[in-house]
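**Student:** Those protein sequences? They're chains W and R, same order as listed.
Quick note: the first sequence uses our numbering, first residue 4, plus one each step.
Quick note: the second sequence uses our numbering, first residue 4, plus one each step.
Check each hint, because a few of them may be wrong.
The list treats identical chains as interchangeable, and a pair is accepted whether it falls inside one copy or across any two copies.
Pairs of lysine-lysine residues, derived as DSBU-like cross-links and limited to a Cα-Cα distance of at most 30 Å, are as follows [claimed, not checked]:
(1) 495 / 351
(2) 5 / 314
(3) 353 / 495
(4) 365 / 565
(5) 314 / 194
(6) 314 / 182
(7) 194 / 5
(8) 558 / 495
(9) 5 / 182
(10) 565 / 194
(11) 25 / 360
(12) 360 / 182
(13) 483 / 495
(14) 565 / 444
(15) 519 / 194
(16) 25 / 351
(17) 565 / 36
(18) 25 / 36
(19) 182 / 444
(20) 444 / 381
(21) 115 / 66
(22) 381 / 360
By construction, these hints were calculated from the structure, which means they are not laboratory data.
Number of protein chains: 2
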Amino acid sequence: MKPIEQLISVAQGHVPADVVLKNAQVFNVFTGKFDRGDVAVVGGYIAGIGQYEGQIEIDMTGKFITPGFIDGHVHMESSMVSPREFAKVVVAMGTTTLIVDPHEIANVVGEKGIEYVLDVAEELPVHIFIMLPSCVPATNLETSGANLTVQELTRFINHSRVLGLGELMDFPGVLSRDKDILAKIRLAEGKLIDGHGPGLLGKRLTAYIAAGIGSDHECVTPEEAIERVRQGMHIMLREGSAAKNLLNLLPMVNGYTARRCMFATDDRHPADLINQGHINHMVRMSIDAGIELATVLQMATINPATYFNLKDIGAIAPGYYADLLVFDDLISWVPTQVYKQGQIVATKGKSVFNVLKTNDKKIRNTMHLGNISSGQLKIKASSRVARVIGLVPHQLITASLEIEVPVINGEFVSDRDNDILKLAVFERHHGTGNVGVGLVKGLGMSVGAIASTVAHDSHNVVVIGSDDDDMIRAVQEVEKMQGGIAIVNEGKVLGTLALPLAGLMSEEDIYAVHTKLTDLHNIVRGLGVNPNYDPFMTLAFMSLPVIPSLKLTDKGLVDVNKFAVVPVSV
Amino acid sequence: MKPIEQLISVAQGHVPADVVLKNAQVFNVFTGKFDRGDVAVVGGYIAGIGQYEGQIEIDMTGKFITPGFIDGHVHMESSMVSPREFAKVVVAMGTTTLIVDPHEIANVVGEKGIEYVLDVAEELPVHIFIMLPSCVPATNLETSGANLTVQELTRFINHSRVLGLGELMDFPGVLSRDKDILAKIRLAEGKLIDGHGPGLLGKRLTAYIAAGIGSDHECVTPEEAIERVRQGMHIMLREGSAAKNLLNLLPMVNGYTARRCMFATDDRHPADLINQGHINHMVRMSIDAGIELATVLQMATINPATYFNLKDIGAIAPGYYADLLVFDDLISWVPTQVYKQGQIVATKGKSVFNVLKTNDKKIRNTMHLGNISSGQLKIKASSRVARVIGLVPHQLITASLEIEVPVINGEFVSDRDNDILKLAVFERHHGTGNVGVGLVKGLGMSVGAIASTVAHDSHNVVVIGSDDDDMIRAVQEVEKMQGGIAIVNEGKVLGTLALPLAGLMSEEDIYAVHTKLTDLHNIVRGLGVNPNYDPFMTLAFMSLPVIPSLKLTDKGLVDVNKFAVVPVSV
Numbered sequence: 004m005k006p007i008e009q010l011i012s013v014a015q016g017h018v019p020a021d022v023v024l025k026n027a028q029v030f031n032v033f034t035g036k037f038d039r040g041d042v043a044v045v046g047g048y049i050a051g052i053g054q055y056e057g058q059i060e061i062d063m064t065g066k067f068i069t070p071g072f073i074d075g076h077v078h079m080e081s082s083m084v085s086p087r088e089f090a091k092v093v094v095a096m097g098t099t100t101l102i103v104d105p106h107e108i109a110n111v112v113g114e115k116g117i118e119y120v121l122d123v124a125e126e127l128p129v130h131i132f133i134m135l136p137s138c139v140p141a142t143n144l145e146t147s148g149a150n151l152t153v154q155e156l157t158r159f160i161n162h163s164r165v166l167g168l169g170e171l172m173d174f175p176g177v178l179s180r181d182k183d184i185l186a187k188i189r190l191a192e193g194k195l196i197d198g199h200g201p202g203l204l205g206k207r208l209t210a211y212i213a214a215g216i217g218s219d220h221e222c223v224t225p226e227e228a229i230e231r232v233r234q235g236m237h238i239m240l241r242e243g244s245a246a247k248n249l250l251n252l253l254p255m256v257n258g259y260t261a262r263r264c265m266f267a268t269d270d271r272h273p274a275d276l277i278n279q280g281h282i283n284h285m286v287r288m289s290i291d292a293g294i295e296l297a298t299v300l301q302m303a304t305i306n307p308a309t310y311f312n313l314k315d316i317g318a319i320a321p322g323y324y325a326d327l328l329v330f331d332d333l334i335s336w337v338p339t340q341v342y343k344q345g346q347i348v349a350t351k352g353k354s355v356f357n358v359l360k361t362n363d364k365k366i367r368n369t370m371h372l373g374n375i376s377s378g379q380l381k382i383k384a385s386s387r388v389a390r391v392i393g394l395v396p397h398q399l400i401t402a403s404l405e406i407e408v409p410v411i412n413g414e415f416v417s418d419r420d421n422d423i424l425k426l427a428v429f430e431r432h433h434g435t436g437n438v439g440v441g442l443v444k445g446l447g448m449s450v451g452a453i454a455s456t457v458a459h460d461s462h463n464v465v466v467i468g469s470d471d472d473d474m475i476r477a478v479q480e481v482e483k484m485q486g487g488i489a490i491v492n493e494g495k496v497l498g499t500l501a502l503p504l505a506g507l508m509s510e511e512d513i514y515a516v517h518t519k520l521t522d523l524h525n526i527v528r529g530l531g532v533n534p535n536y537d538p539f540m541t542l543a544f545m546s547l548p549v550i551p552s553l554k555l556t557d558k559g560l561v562d563v564n565k566f567a568v569v570p571v572s573v
Numbered sequence: 004m005k006p007i008e009q010l011i012s013v014a015q016g017h018v019p020a021d022v023v024l025k026n027a028q029v030f031n032v033f034t035g036k037f038d039r040g041d042v043a044v045v046g047g048y049i050a051g052i053g054q055y056e057g058q059i060e061i062d063m064t065g066k067f068i069t070p071g072f073i074d075g076h077v078h079m080e081s082s083m084v085s086p087r088e089f090a091k092v093v094v095a096m097g098t099t100t101l102i103v104d105p106h107e108i109a110n111v112v113g114e115k116g117i118e119y120v121l122d123v124a125e126e127l128p129v130h131i132f133i134m135l136p137s138c139v140p141a142t143n144l145e146t147s148g149a150n151l152t153v154q155e156l157t158r159f160i161n162h163s164r165v166l167g168l169g170e171l172m173d174f175p176g177v178l179s180r181d182k183d184i185l186a187k188i189r190l191a192e193g194k195l196i197d198g199h200g201p202g203l204l205g206k207r208l209t210a211y212i213a214a215g216i217g218s219d220h221e222c223v224t225p226e227e228a229i230e231r232v233r234q235g236m237h238i239m240l241r242e243g244s245a246a247k248n249l250l251n252l253l254p255m256v257n258g259y260t261a262r263r264c265m266f267a268t269d270d271r272h273p274a275d276l277i278n279q280g281h282i283n284h285m286v287r288m289s290i291d292a293g294i295e296l297a298t299v300l301q302m303a304t305i306n307p308a309t310y311f312n313l314k315d316i317g318a319i320a321p322g323y324y325a326d327l328l329v330f331d332d333l334i335s336w337v338p339t340q341v342y343k344q345g346q347i348v349a350t351k352g353k354s355v356f357n358v359l360k361t362n363d364k365k366i367r368n369t370m371h372l373g374n375i376s377s378g379q380l381k382i383k384a385s386s387r388v389a390r391v392i393g394l395v396p397h398q399l400i401t402a403s404l405e406i407e408v409p410v411i412n413g414e415f416v417s418d419r420d421n422d423i424l425k426l427a428v429f430e431r432h433h434g435t436g437n438v439g440v441g442l443v444k445g446l447g448m449s450v451g452a453i454a455s456t457v458a459h460d461s462h463n464v465v466v467i468g469s470d471d472d473d474m475i476r477a478v479q480e481v482e483k484m485q486g487g488i489a490i491v492n493e494g495k496v497l498g499t500l501a502l503p504l505a506g507l508m509s510e511e512d513i514y515a516v517h518t519k520l521t522d523l524h525n526i527v528r529g530l531g532v533n534p535n536y537d538p539f540m541t542l543a544f545m546s547l548p549v550i551p552s553l554k555l556t557d558k559g560l561v562d563v564n565k566f567a568v569v570p571v572s573v
């Protein structure tokens with residue numbers, strides 16, 4: 004509860020503040036200017052900006068203070084570390100509010116994943132608000148760990164941290180007025196619904212917006228983005244790891260459209276978080292690209308707060324949370340100090356908070372594979388020509404190839420000379436024994452196998468390799484770790500990364516995970532993987548049947564354009 | 004409920020719209036531009052803007068369409084007509100959304116007044132949202148018809164039409180952390196609280212804002228307004244009848260502050276509504292004053308909608324209410340057509356809707372005076388010098404004069420030669436028999452008496468005159484009408500305006516009321532009233548003890564600066 008009594012007393016100068024940051028250059032999001040003054044904080048809130056006295060006074064002469072940054076849409080799981088470790092990194096970079104869509108974890112453990120994030124939110128020194136995963140499972144062409152219907156979501160919709168429905172990816176469902184999708188939209192009436200409409204334009208876009216979808220973070224061109232603003236959407240300019248759109252989109256920002264724009268990272272991997280940063284990286288990029296400083300800071304603060312109706316967040320003004328970033332200059336954008344609700348939580352790019360580990364029982368022991376054997380990897384050939392997934396450098400889309408592939412004993416086999424490997428997806432949530440098997444061309448891996456439980460969106464076990472036994476061994480290794488990544492060659496485990504939290508996240512800190520991932524990258528290069536590919540990201544998206552053209556799930560090879568399972572044999 | 008299914012179908016062009024406004028220049032509040040296109044409407048909502056077919060198609064070639072206008076803060080009672088008649092006028096001028104603070108009616112009938120406005124809101128073709136009256140009674144120096152404590156307000160706070168707490172006039176109560184005021188602020192937590200802080204600046208302003216007050220409509224100078232924006236407030240630029248601030252404030256509007264600005268009328272009397280208009284008048288004035296058209300239209304539409312979190316109001320975009328104004332040009336700002344939720348409600352400046360009269364039993368029969376007699380008008384003189392209310396031309400403030408006044412039989416009497424009249428306030432809600440009597444200098448009325456039940460904020464009966472019997476006769480006449488205005492001279496009733504709805508509003512239409520008011524003005528000029536005064540407005544504010552310096556309530560003469568009742572005799 005807001006300490007209104009204290010705020011009134013401190014604001015009037017009748018009582019000293021808890022903390023006063025003295026003589027700072029304080030950014031005002033409403034006027035777009037820096038004002039020189041003291042920021043008085045009491046009970047975690049800003050009482051006033053002006054001349055104040057406090058029990059603790061910190062000289063900020065020459066320093067700049069801005070409101071904490073807001074990430075408008077993020078899947079924390081993509082960092083491959085626990086929310087606690089994720090918070091440590093992003094808070095140190097100045098992000099004090101996260102709008103989280105726990106889509107990945109919910110695909111594994113359903114409601115328990117949402118509960119876990121709500122638990123975490125109570126403990127971490129970063130504001131966490133939740134947009135409920137709207138599309139779990141993402142499609143009916145795969146087996147996810149849970150099915151979140153409107154019934155399950157109803158439990159959460161009125162939680163104070165829940166702001167609405169997360170990215171409504173099933174835009175075809177909206178456009179065809181799918182009963183279940185519309186029920187979810189109705190559930191969120193009066194709240195917010197985030198969109199996900201890559202490439203959607205014309206009257207289909209209009210219909211998607213008319214249904215109540217309020218934002219999009221999938222824009223690739225300024226034209227797409229402006230068209231969405233024109234029709235009333237808010238735009239989340241995204242700079243993730245898989246998708247980097249910020250620089251392409253910045254030309255859309257002008258005097259009128261700016262107030263409908265905010266930043267989002269969506270997915271950011273350890274290397275990018277460590278080497279570039281988080282929202283502060285987007286602030287830096289935008290300023291370097293020539294966008295006015297004040298506009299950029301508004302996009303990082305008050306604009307998302309306004310969209311998400313977060314009244315006490317996004318500005319340095321009386322009654323707002325004392326979420327404050329202190330900068331020595333306006334160049335590096337790595338804060339010297341970060342305050343969350345008036346408490347110092349980071350200094351000089353390092354978090355300084357220590358919180359207990361949230362009880363994570365709900366998201367452990369998620370591997371339920373049943374018996375597996377190399378027999379499951381056989382691909383029946385009824386012809387000599389196979390449908391083969393063709394990798395495309397630096398892209399998540401794949402080509403759908405039709406190629407002659409060697410057949411032995413009536414089965415397609417991998418073909419090292421032509422860079423054709425086997426790919427398999429083992430259902431791992433319910434022990435159904437479902438296995439999808441297919442062929443992939445282009446990775447360049449000449450020997451060994453890689454298995455991973457980071458496999459969008461259902462996060463089954465995906466495995467690639469040229470040798471069936473190595474593939475099975477890699478899956479077993481992943482199973483043993485209760486999720487993660489394993490690389491095997493000639494029966495020998497060359498490297499692993501354990502991700503025991505839902506099979507998505509490590510228990511270690513981001514630097515340890517980054518180091519291990521770097522090691523794994525070195526190992527796969529030794530197996531011959533083409534330097535044009537990040538094989539872990541490639542694997543992670545190989546099972547996502549909403550990105551064209553040919554993908555593989557536990558239900559089999561999916562022709563994404565037909566949105567149907569097809570045989571390997573042509 | 005929003006017809007999502009239909010919207011999706013119509014937006015995609017699969018099904019014709021109900022109505023399509025063809026080939027219009029459609030104002031886009033998000034881009035600040037006019038786009039040429041068709042506006043497709045289904046089920047009262049906008050399905051899309053582009054090329055559409057409809058069951059009804061209306062050619063709008065050469066015409067301009069904007070969203071309906073929003074009044075950010077209005078006391079409908081000040082129009083002196085019923086909400087239905089008020090709606091007829093303002094809807095015809097393009098106002099399709101009213102943020103109503105039923106402060107006046109609540110001072111007379113309390114909760115029943117709020118209930119009445121909620122009833123009315125269901126029936127009228129204008130969106131009505133309510134900010135709950137926060138200060139009933141306005142002070143403890145007067146007797147109002149009701150006392151709205153946090154207990155009474157709790158009943159209403161979660162009503163879907165209630166957006167929060169109306170103008171929190173008792174800023175001294177906020178600053179002194181008055182228990183009851185803070186309880187009301189807590190009640191509205193998570194909702195909106197409108198402010199009313201005339202002249203408030205410095206740390207007192209900061210404290211008021213820190214307490215959670217989100218807007219102010221009492222700014223007089225651009226500096227005051229910018230200081231409020233700087234601290235996070237939204238500004239309602241006001242152009243009422245009693246207070247006209249728009250032109251003075253417009254210099255505060257710039258590229259950064261504009262999004263925190265909106266229009267409000269607060270109080271508008273019949274003459275101004277008829278002769279000038281409503282929000283459209285403020286649009287016209289602002290454009291004439293050189294503010295960019297797009298900025299002005301945003302202030303009249305999306306800005307208040309954003310502040311009040313009205314998601315489907317304030318823009319012409321898919322999924323928004325089809326509240327549309329059609330203009331032949333961008334000069335007169337009187338709409339050729341007004342659509343509210345897709346229905347035509349006005350054409351060429353005249354409303355065309357017909358709705359049944361709301362049951363108004365709750366707000367009738369509000370006169371409970373008890374016996375009155377001229378004996379109650381005696382003013383005991385314990386000296387020859389009296390405290391006299393000194394009128395100031397064109398101002399609501401008064402001077403506190405100390406003058407020698409004739410004494411007869413130990414009582415002060417009126418003094419025609421020196422323009423000193425008697426003023427009395429009869430409590431009329433509970434039959435307490437309370438009467439406050441005092442003296443006024445400056446009105447210039449040489450004979451007769453004027454009585455009125457429009458007497459802020461408690462709306463007791465206020466009466467002024469030189470002859471005690473005429474004063475009593477005027478009060479009796481008002482009582483007979485169950486509220487209103489009466490003018491009496493030498494025992495003869497010269498003119499009346501009946502205001503039987505809470506003693507504040509007529510049953511007639513605004514033109515009839517305007518005609519009668521004009522007649523009354525002519526009558527009072529015949530009694531010698533100084534042309535520098537509108538005597539009805541003068542009377543209306545003579546009993547408001549929050550405006551300095553000397554006022555009169557049913558409890559007696561109030562020294563506003565001391566905030567205490569004082570004797571007439573010095």
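**Student:** When Cα atoms must be at most 30 Å apart, do residue 194 and residue 5 count as within-copy, between-copy, both, or neither?
**Tutor:** both (23 Å within a copy, 14 Å between copies)
**Student:** Please work out whether the CA atoms of residue 353 and residue 495 approach to 30 Å or closer within one copy, between two copies, in both situations, or in neither?
**Tutor:** neither (38 Å within a copy, 86 Å between copies)
**Student:** Is it within, between, both or neither when you check residue 565 against residue 194 at 30 Å Cα-Cα?
**Tutor:** Neither. Shortest intra-copy (34 Å) and inter-copy (48 Å) distances fail the 30 Å Cα cut-off.
**Student:** Under a CA distance limit of 30 Å, which applies to residue 5 and residue 314: within one copy, between copies, both, or neither?
**Tutor:** For residue 5 and residue 314, the Cα distance is within 30 Å both inside one copy (12 Å) and across copies (26 Å).
**Student:** Taking 30 Å as the upper bound on the Cα-Cα distance, should residue 115 and residue 66 be classified as within, between, both, or neither?
**Tutor:** Answer is neither: 44 Å inside a copy and 56 Å across each miss the 30 Å cutoff.
**Student:** Could you figure out if residue 558 and residue 495 sit no more than 30 Å apart (CA to CA) within one copy, between two copies, both or neither?
**Tutor:** within (29 Å within a copy, 96 Å between copies)
**Student:** Give the relationship of residue 483 and residue 495 under a CA distance limit of 30 Å: within one copy only, between copies only, both, or neither.
**Tutor:** For residue 483 and residue 495, only the intra-copy Cα distance (15 Å) is at most 30 Å; the inter-copy one is 103 Å.
**Student:** Treating 30 Å as the Cα threshold, decide for residue 565 and residue 444: within, between, both or neither.
**Tutor:** Result: close within a single copy only, 21 Å intra versus 88 Å inter.
**Student:** When Cα atoms must be at most 30 Å apart, do residue 365 and residue 565 count as within-copy, between-copy, both, or neither?
**Tutor:** neither (37 Å within a copy, 64 Å between copies)
**Student:** Check residue 25 against residue 360 for me: Cα-Cα at most 30 Å, and say if that holds within a copy, between copies, both or neither.
**Tutor:** Neither. Shortest intra-copy (35 Å) and inter-copy (61 Å) distances fail the 30 Å Cα cut-off.
**Student:** If the cut is 30 Å between Cα atoms, do residue 25 and residue 351 qualify within a copy, between copies, both or neither?
**Tutor:** within (19 Å within a copy, 59 Å between copies)
**Student:** At 30 Å max between alpha carbons, let me know whether residue 5 reaches residue 182 within a copy, between copies, both or neither.
**Tutor:** Result: close only across copies, 15 Å inter versus 41 Å intra.
The structure fails to meet hints 1, 3, 4, 10, 11, 12, 15, 17, 19, 21, 22 from the earlier list, while all remaining hints are met.
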